[in-house]
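Trainee: Going from the sequence shown to this note's numbering is simple: count from 1 and add 4.
Honestly, the hints are just simulated from the structure, not real lab data. There could be a bad hint or two in this list.
[What the hints assert, rightly or not] Derived BS3-like pairs: lysine-lysine, alpha-carbon spacing no greater than 30 Å straight-line: (1) Lys41 / Lys174; (2) Lys178 / Lys196; (3) Lys178 / Lys139.
[Unchecked claim] Label-pair ranges, simulated between beta-carbon atoms: (4) Lys174 / Gly32: 19 to 29 Å; (5) Ser155 / Glu47: 15 to 25 Å; (6) Ala91 / Ala189: 44 to 54 Å; (7) Leu45 / Ser165: 17 to 27 Å.
Ideal Cβ placement from N, Cα and C applies to all residues, glycine included.
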Amino acid sequence: SSLSLASYSIIRDVFHEQSDFMLLDVGGEVSDLTIVKDGVLVETASFPLGRNFIVRRIAKLMGVTAEEAASLVKLFHEGHIDPTVEAKLKPDITQAAEEWMVGFRNVLTRLSEKMSLPTTVYTIIYNDFVHFFMKVLRNEKISEFGVNDFSLSAILVNHESLKSVVSFGKHADKDPFVAILAAFAGRLYEEKVK
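Based on the provided sequences and hints, a complete structural model is requested.
Mentor: As structure tokens, this is what we get:
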């Protein structure tokens with residue numbers, strides 16, 4: 005929940021032209037969804053499927069270690085995988101993505117029963133799974149109140165989009181979660197100093 009608050013605060017200020025949006029933090033074990041309306045955080049929800057769910061799912065289906073599974077997913081989505089391995093991995097990737105989307109759709113459905121949902125979703129993802137989750141989100145259409153299907157406008161939050169609030173060293177790992185927490189901590193420090 006503290007990451008959701010930090011993310012909301014930084015995203016709201018960096019993307020200040022957008023007052024209605026969703027914020028999706030795909031963490032290791034949990035994915036958190038935050039709804040912002042008129043610049044105000046109005047609702048949060050979580051579902052217990054994050055990056056590690058995908059890794060474990062692929063590891064089990066392919067009979068490999070978690071590290072190998074993460075590497076295979078990354079290589080698959082970057083198009084740098086042997087065609088034989090790709091053919092074997094594709095159905096497993098599709099199945100894992102669909103299982104994650106079921107959790108995401110359930111949260112969206114539950115929230116849409118209370119309110120109209122924004123279509124813009126700022127997404128924070130571990131760097132090695134950016135391609136995986138962005139492809140899944142950009143291909144998704146959701147129904148609101150069981151009536152209209154609409155596409156999500158999934159926008160990746162990364163070091164480039166956060167460069168107005170945080171900078172990285174030349175050889176640093178440009179982790180978006182670290183960037184958001186550093187920017188948020190910097191703001192808290194500035195407010196304390198004032």
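Trainee: Look at each hint and say if it fits the structure.
Mentor: Here is what the structure says about each hint:
1. Lys41 / Lys174: Measuring from Cα to Cα gives roughly 37 Å; hence the hint is violated.
2. Lys178 / Lys196: Holds, because 27 Å separates the two Cα atoms, which is no more than 30 Å.
3. Lys178 / Lys139: holds (21 Å)
4. Lys174 / Gly32: 19 to 29 Å: Since the Cβ atoms of Lys174 and Gly32 sit about 27 Å apart, the hinted range of 19 to 29 Å holds.
5. Ser155 / Glu47: 15 to 25 Å: holds (21 Å)
6. Ala91 / Ala189: 44 to 54 Å: holds (46 Å)
7. Leu45 / Ser165: 17 to 27 Å: Once the Cβ atoms are compared, 19 Å apart, the range 17 to 27 Å for Ser165 and Leu45 holds.
Hint violations for this structure: number 1 only, all remaining hints satisfied.
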